[in-house]
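Since the structure of chain A is already known, use the hints to place chain B on it.
Chains as they are written, first to last, in the numbering used here: chain A, 1 to 183; chain B, 1001 to 1145.
These are computed hints drawn from the structure, not numbers from a lab. Hints are not guaranteed to be accurate.
Quick look at which bits of chain A chain B covers, simulated, 3 or more residues with Cβ under 8 angstroms [stated by the list, open to error]: (1) 34-42; (2) 139-153.
Cβ-Cβ distance ranges computed for the label pairs, FRET-style [what the hints assert, rightly or not]: (3) B:Gly1116 x A:Asp134: 42 to 50 angstroms; (4) B:Asp1074 x A:Thr47: 21 to 29 angstroms; (5) B:Val1011 x A:Val29: 43 to 51 angstroms; (6) B:Ser1052 x A:Ala113: 52 to 60 angstroms; (7) A:Ala101 x B:Val1011: 33 to 41 angstroms; (8) B:Gln1106 x A:Thr85: 44 to 52 angstroms; (9) B:Arg1042 x A:Lys163: 44 to 52 angstroms; (10) A:Ala150 x B:Glu1101: 41 to 49 angstroms.
Once the Cα atoms are required to be at most 27 angstroms apart in a straight line, the calculated BS3-like pairs of lysine-lysine come out as [to be verified]: (11) B:Lys1054 x A:Lys117; (12) B:Lys1086 x A:Lys70; (13) B:Lys1086 x A:Lys82; (14) B:Lys1135 x A:Lys160; (15) B:Lys1086 x B:Lys1055; (16) B:Lys1094 x B:Lys1055; (17) A:Lys82 x B:Lys1054; (18) B:Lys1100 x B:Lys1086; (19) B:Lys1100 x A:Lys51; (20) B:Lys1135 x A:Lys182; (21) B:Lys1135 x B:Lys1055; (22) B:Lys1086 x A:Lys163; (23) A:Lys117 x A:Lys163; (24) B:Lys1135 x B:Lys1054; (25) A:Lys51 x B:Lys1054; (26) A:Lys51 x B:Lys1055; (27) A:Lys70 x B:Lys1124; (28) A:Lys160 x B:Lys1094.
A virtual CB, placed ideally from N, CA and C, is assigned to each residue, including glycine.
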Amino acid sequence: MGRNSKKSILLAGCLFITGCMSVPANLLVLPSGYLASREQQMRKFQTTDEKQVLQAGAGALQDLGFTIDKSETNLGVIVASKNRTAVSVSQTALALTADIASALCGAYGNLYAQTDKEQRIEASLVINPSLSQDATVVRVKFQTVVWNRAGQVSRFETIKDPKLYQDFFERISKAVFLEEQKI
Amino acid sequence: MKTGITLSLPVIGLISSILLNSGCATNQQQILAADQSQVALRSIQSRAFDTSDKKLMMRSVINTMQDIDFLIQDSSLDLGTVTGQKFHGNTVVKMSVTIKERNAQQLLVRANVQYGLKAIEDPKTYQDFFVGLEKSVFLTAQQVD
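So that you can see chain A by itself, here it is in the shape it has in the complex (with noise of 0.2 angstroms):
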């Protein structure tokens, strides 16, 4: 057999593999730790007031240097987003350097490209009544979305830093001259 019959047979093989690509199991399963995510993500404010307290949320999330996406006041749900930075010094040096080594060894060496480029942080709210119905519960989660420099996804993750939460509600907490309570 020559050398171009059995690259194309391994073309055809590599080809076929990304043909249909199979449903990962477990893809809508409930995380076990959801309830200590959703005390994280959740306050109570003191009154039934939605729109006040929603009013309140959009203004924090601006604070914070996000701009509003979508938002739909019936329901009382606010989408937001920032674009910043992700570029890493550290990363990238160690990259660079890794393909100059290789490119010197007489190889090819990209990992520049897999080096983070660019993120979005998204921020989801949500107003909910409490279940004793004369409070306003309000539910945000931010997570971020991370590019490389070939433009793939690197990095998917939920924010999970207290400070960021709380800072937020306190903002709220401030605009609706109410204390927030855990949940």
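Structure of chain B alone, referenced to chain A:
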């Protein structure tokens, strides 16, 4: 004769790979319908809940989608729709949920999910979502025909 075989093998390999790679269904099928029968699919993707509170149900859907890490993209109370997406590695997972009245006492919730270029038609995936939603609304999801 020998050169003829070595030349034709790459060509056969390439053609067969193109044919295999062209997808699981024809373009026409992809546009018009799902792979499964539409009635079966509707049954897999839908559940009825014993409540008439559409607003509360929509908020519960949003909360459940947030619990399973979806970025909420859009929602409309009038239409009864919620749309979101998340990333699984480098693959985009898109989900939309519609909520409508089934009768005076019940709401019908239907979800559909797309993983990359593939529609999800596996009953277990939808079952997982409705189990999460049940916990959020404190109501039992009922299978509908």
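Each hint, compared with the structure:
1. 34-42: holds (count 4)
2. 139-153: It holds, with 6 qualifying residues against the three required.
3. B:Gly1116 x A:Asp134: 42 to 50 angstroms: The hint (42 to 50 angstroms, Cβ to Cβ) holds, given that Gly1116 (chain B) and Asp134 (chain A) are roughly 45 angstroms apart.
4. B:Asp1074 x A:Thr47: 21 to 29 angstroms: holds, 27 angstroms
5. B:Val1011 x A:Val29: 43 to 51 angstroms: holds, 46 angstroms
6. B:Ser1052 x A:Ala113: 52 to 60 angstroms: Holds, since Ser1052 (chain B) and Ala113 (chain A) (Cβ atoms, about 54 angstroms apart) stay within the stated range.
7. A:Ala101 x B:Val1011: 33 to 41 angstroms: Between Ala101 (chain A) and Val1011 (chain B), where Cβ atoms are some 40 angstroms apart, the hint holds.
8. B:Gln1106 x A:Thr85: 44 to 52 angstroms: Taking Cβ atoms as reference, Gln1106 (chain B) and Thr85 (chain A) lie about 49 angstroms apart, which means the hint holds.
9. B:Arg1042 x A:Lys163: 44 to 52 angstroms: holds, 46 angstroms
10. A:Ala150 x B:Glu1101: 41 to 49 angstroms: holds, 47 angstroms
11. B:Lys1054 x A:Lys117: Distance of about 42 angstroms is beyond 27 angstroms: violated.
12. B:Lys1086 x A:Lys70: Since the Cα atoms of Lys1086 (chain B) and Lys70 (chain A) sit roughly 17 angstroms apart, the hinted pair holds (cutoff 27 angstroms).
13. B:Lys1086 x A:Lys82: Roughly 17 angstroms separates the two Cα atoms, so the pair holds.
14. B:Lys1135 x A:Lys160: holds, 23 angstroms
15. B:Lys1086 x B:Lys1055: This hinted pair holds, its Cα atoms lying about 24 angstroms apart.
16. B:Lys1094 x B:Lys1055: holds, 22 angstroms
17. A:Lys82 x B:Lys1054: Cα-Cα ~31 angstroms, so violated.
18. B:Lys1100 x B:Lys1086: holds, 24 angstroms
19. B:Lys1100 x A:Lys51: holds, 24 angstroms
20. B:Lys1135 x A:Lys182: Holds, at about 20 angstroms.
21. B:Lys1135 x B:Lys1055: holds, 17 angstroms
22. B:Lys1086 x A:Lys163: holds, 24 angstroms
23. A:Lys117 x A:Lys163: holds, 25 angstroms
24. B:Lys1135 x B:Lys1054: It holds: about 17 angstroms lies between the C-alpha atoms, which stays within 27 angstroms.
25. A:Lys51 x B:Lys1054: Holds: Lys51 (chain A) and Lys1054 (chain B) sit about 18 angstroms apart, inside 27 angstroms.
26. A:Lys51 x B:Lys1055: At roughly 15 angstroms apart (the allowed maximum being 27 angstroms), Lys1055 (chain B) and Lys51 (chain A) satisfy the hint.
27. A:Lys70 x B:Lys1124: Judged against 27 angstroms, a Cα distance of about 31 angstroms means the pair is violated.
28. A:Lys160 x B:Lys1094: holds, 23 angstroms
Consistency note: the structure conflicts with the earlier hints numbered 11, 17, 27.
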